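Peer 1: Below are the chains, spelled out letter by letter.
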Amino acid sequence: MDFNTNFILGCSAIGAGLAVIAGIGPGIGQGIAAGHAAAAVGRNPGAKSAITSTMLLGQAVAETTGLYGLLIAMLLLFVKPLGK
Amino acid sequence: MQIGPLLSSADNIDFMIHGLFKYSFFGHEVWITTSHVCILIVMLIIVGFAVAANRAMKKATEVPTGFQNVVELMVEKLDGMVDSPMGKNAPRFYNYIGTVFIFILLSNISGLLGLRPPTADYGVTLPLGILTFVLIHFNQFKYQKLKDIWADMCSPLPPWLPIWFPINLISEIAVPVSLSLRLFANVLSGTVMMALVYGLLGWFATIWPAALHVYFDLFSGAIQTYVFCMLTMTYINNAIGSEN
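Quick mapping for you: the protein sequence lines, in order, are chains L and R.
According to the numbering used here, the residues represented by the first sequence are 1 to 84, in order.
According to the numbering used here, the residues represented by the second sequence are 1 to 244, in order.
A couple of the hints might just be wrong.
[Said to hold, decoys possible] Pairs of lysine to any residue, SDA-like flavour, derived with a Cα cap of 25 Å:
hint, chain 1, residue 1, chain 2, residue 2
1, R, 88, L, 54
2, R, 142, R, 235
3, L, 48, R, 215
4, L, 80, R, 189
5, L, 48, R, 220
6, R, 77, L, 61
[As the list claims (entries may be wrong)] Computed, partial: chain R to chain L, Cβ under 8 Å:
hint, residue
7, 178
8, 181
9, 182
10, 185
11, 186
12, 189
13, 223
14, 224
15, 227
16, 230
These aren't lab readings, by the way, just hints derived from the structure by calculation.
Every value quoted in this text rests on a predicted model; they were computed, and no experiment measured them.
For glycine and all other residues, C-beta sits at the position ideal for the given N, C-alpha and C.
Could you put the whole structure together from the sequences, leaning on the hints where they help?
Peer 2: What follows is the structure, given as C-alpha cells:
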C-alpha cells in the first residue's frame with residue numbers, strides 16, 4: 001500500500017469527522033422545539049398529546065440535515081469513493 | 001486491502017448488505033442480496049397476518065371478540081391517522097397509506113427479529129419516495145388546471161416570467177429524495193449503531209442492548225414511519241388543492 005492510498009484514507013477519515021459536525025444544527029433545532037413544546041404544555045396541559053405528536057413530527061423532519069452529514073461520513077468511511 | 005475503520009476488533013462489525021447469489025439479467029450482473037430475503041420475510045409475516053385477519057372477519061360477530069377486536073382496532077387507528085391531515089379526501093387514501101404504514105413499520109422493527117431492516121437499503125426507500133412523487137403529481141394534474149400548476153411553478157413571480165421555474169422544479173424533485181433519504185438514514189444509523197455495540201463490545205453486550213433496541217428499532221422506527229406517512233398525506237393534500 002503506497003503513500004497515496006494511506007493519504008486518501010486519512011483524509012477521508014478527517015472528512016467523515018468533519019461531516020458529522022452537521023449534527024450540531026439539528027441538535028440545537030430539536031432542543032428549541034422541545035423547549036417550546038414544554039412551555040406549551042405548561043401553558044395548556046390539556047393539549048399535551050397533540051403538542052407531543054406535533055413536536056415529534058417537527059423534530060424528525062429537522063433531524064434530516066444531520067442525517068445527511070451522517071450519510072456523507074458513512075460513504076467516506078465504508079464506500080471509500082475517493083480511493084478508487 | 002481491508003482496513004478496519006474503527007478499532008482493531010473491527011472485523012466483527014457487520015452491517016453491510018451481502019450478495020447471496022448472482023445471475024445474469026440482459027448481460028448485467030445482478031445480485032440477490034440479504035435485503036431481498038429480509039423483505040420476503042417481512043412480506044410473509046404481513047401476508048400471514050392478512051390471511052388470519054380475513055378469516056377472522058369472515059365469521060365476524062356483532063360484538064367483536066378476540067382477534068377480531070385487534071383487527072378492528074388497527075383499522076380504526078390507521079383510518080383515524082389518515083383522517084386528520086386529509087379531511088374529506090381521506091377515504092380514497094385509507095388503503096394506500098395503511099399499506100405503506102404497515103410495511104414500513106414492520107420493516108423498521110424487523111431488526112428485533114435479527115434481520116437487517118429492508119428499509120436500511122436505499123433501493124427499498126427510493127421506490128417508496130417515487131410512489132409518493134407519482135401520487136402527488138397524478139393528483140395535481142387530475143384536480144388542478146394546467147394554468148394554475150404553471151402559475152404555481154413560477155410562484156413568486158408572475159406566470160409570464162418563468163425565471164423561478166428551474167428552482168421550483170428542483171424543489172419538486174427534492175421531495176422524493178429527501179423523503180427516502182430521511183427514512184433510509186434513520187434506519188441505517190440505528191442498524192450501524194447496533195452493529196457497533198454488538199461488534200466492538202463482544203461478551204460485554206449481553207442484556208442491556210435491549211434498551212438500545214427499544215430506542216433505535218421501536219421508537220425511531222415508529223416515528224419515522226409516522227413521519228413518512230404524514231408527509232406523504234400532506235403533500236398529496238396540497239396537490240389536490242383546497243377548493244376540491
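Peer 1: Taking the earlier hints as the rules, which of them does this structure contradict?
Peer 2: Violated hints: none; all satisfied.
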